[in-house]
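Engineer: Single-letter residue listing:
There are 2 protein chains.
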Amino acid sequence: MFDILEKILKRKTDVDDFTLKKIISYFKIIHTKRNQILLNSDEICKNYYFINKGSIRLFTTDKEGNENSRYFAFKENFATALPSFIDQKPAEEYLQTIQKSELLYISRTDFYYLVSTVPQFAKIYTEILEKGFIMAQKRIYGFQGFDAMEKVKWIIKHQPELLLNVSNKMVASYLGISPSTLSRIKSRL
Amino acid sequence: MFDILEKILKRKTDVDDFTLKKIISYFKIIHTKRNQILLNSDEICKNYYFINKGSIRLFTTDKEGNENSRYFAFKENFATALPSFIDQKPAEEYLQTIQKSELLYISRTDFYYLVSTVPQFAKIYTEILEKGFIMAQKRIYGFQGFDAMEKVKWIIKHQPELLLNVSNKMVASYLGISPSTLSRIKSRL
DNA sequence: CAAAAAAGTTGTTCTATGTCAACGTTTTTT
DNA sequence: AAAAAACGTTGACATAGAACAACTTTTTTG
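Going down the list, the protein sequences come from chains A and B. Sequence positions in the first sequence follow our numbering and run 1 to 189. Sequence positions in the second sequence follow our numbering and run 1 to 189.
It is worth saying that the hints were derived from the structure and are not from the lab. Computed from a predicted model, the values in this text were never measured in an experiment. Hints may be right or wrong, so weigh each one.
Copies of the same chain look alike in the list, so a pair counts if it works inside one copy or between any two.
Unchecked claim - Once the Cα atoms are required to be at most 30 Å apart in a straight line, the calculated DSSO-like pairs of lysine-lysine come out as:
| # | residue 1 | residue 2 |
| --- | --- | --- |
| 1 | Lys7 | Lys21 |
| 2 | Lys7 | Lys53 |
| 3 | Lys153 | Lys89 |
| 4 | Lys157 | Lys12 |
| 5 | Lys7 | Lys123 |
| 6 | Lys169 | Lys186 |
| 7 | Lys63 | Lys7 |
| 8 | Lys153 | Lys21 |
Turn these sequences into a full structure, and let the hints steer you where they fit.
Structural biologist: So, in structure tokens, the structure goes:
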């Protein structure tokens, strides 16, 4: 149940077993269905999630109701609506499991308690932020000036698991292109 | 000389004068000209900069030699090529002062020494990362599906100082539109 | 301060990609 | 298992914005 999280934490930092158990004791488990909403856009994000099994999507909707995918996280990764989690303002984005999933989650209160009392956990958080920041940078700047074909090739190179696990519609909305365009591009490799 | 940095650090965290002086003692000063390169794309980023006066641009060039602006930082802010600074790989981006500037800088070694020994400094770094991450998110997702006009309006709303301090050419390359398009859009408000 | 270079503007043309619609296929629901 | 809904593909058409070029204005340099 918590062994995957243990494994990942151990991999990320040098942490003794006692501290590890302490960290883990703050996490709870939740099982979700396909397309289950974890966080609504008008809610304030209270939890940090770890994905045991399944996958999480972060998305928004515009006034016409079109969904816009922001981020996908797969098993053995952390996910949350970070801006809302940090600033405790309405998320203005949705969190959703796009498959039947098994998640561990920790409350914001407990999370920041660990950050401020367990240096190894603070380090892990710093690494998550660094990695998240770098990924976001790569995505923005990688896409700058790319046409649709180049975007698709970029995804194939940098996030191939996305094409395997996510519907074309969602991938298209992640890339900022229409599903038709994605379909046409895939047909010419 | 270091008073602006002191002021900003004090504003960000609760830090006693002794620790503050210690932090500051690791910073050195550098004066630069307009369009002076601080970091080449094939170099590994060794410094974190604080802008006393002036402004820094982060940009890349594509194979045709077109410059692509990634980020602008103005006075009283920090700036570096973070992915390279973190991972110590070639930056694949340039750092440049776009005006005559006065910068303070700290080496990576000293920076991480402070992060690991001065909790208040670690906290400041976490905040920089959080803020940077949120900004990056806003920019990616704010721009998703925007046409040129909407991008310009977004900038006017969220980063008006950019339009005041930066050439149209650079702004256009930041928005991912051509200078002509930016010019046309500005003419119809 | 004059000359040169760079940046900004504006018109014309061309292309990538969005939109809409029709149809077939897969997935979900009951 | 049948019906309904969602998704994917493909064609026809419309359009925002890129590219190029000519010209003007601003900035930089010697």
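Engineer: Determine for every hint whether it applies to the structure shown.
Structural biologist: We went through each hint and held it up to the structure:
In this assembly of identical chains, lysine 7 and lysine 21 lie within 30 Å of each other by CA distance solely inside one copy; the values are 12 Å within and 41 Å between copies. With identical chains, the CA atoms of lysine 7 and lysine 53 are at most 30 Å apart within one copy only, with a shortest distance of 14 Å there and 47 Å across copies. In this homomeric assembly, lysine 153 and lysine 89 come within 30 Å of each other (Cα to Cα) only across copies, at 23 Å, whereas the closest approach inside a single copy is 36 Å. Within a single copy, lysine 157 and lysine 12 get their C-alpha atoms as close as 24 Å, which meets the 30 Å cut-off; across copies the closest is 39 Å, which misses it.
Taking the shortest Cα distances, lysine 7 and lysine 123 sit within 30 Å of each other both inside one copy (16 Å) and across copies (27 Å). Proximity of lysine 169 and lysine 186 under a CA criterion of 30 Å is satisfied intra-copy only: 13 Å inside one chain copy versus 34 Å between copies. In the homo-oligomer, the alpha carbons of lysine 63 and lysine 7 never lie at most 30 Å apart, since the shortest distance is 42 Å inside one protomer and 42 Å across protomers. In this homomeric assembly, lysine 153 and lysine 21 never come within 30 Å of each other (Cα to Cα): the closest approach is 42 Å inside a single copy and 50 Å across copies.
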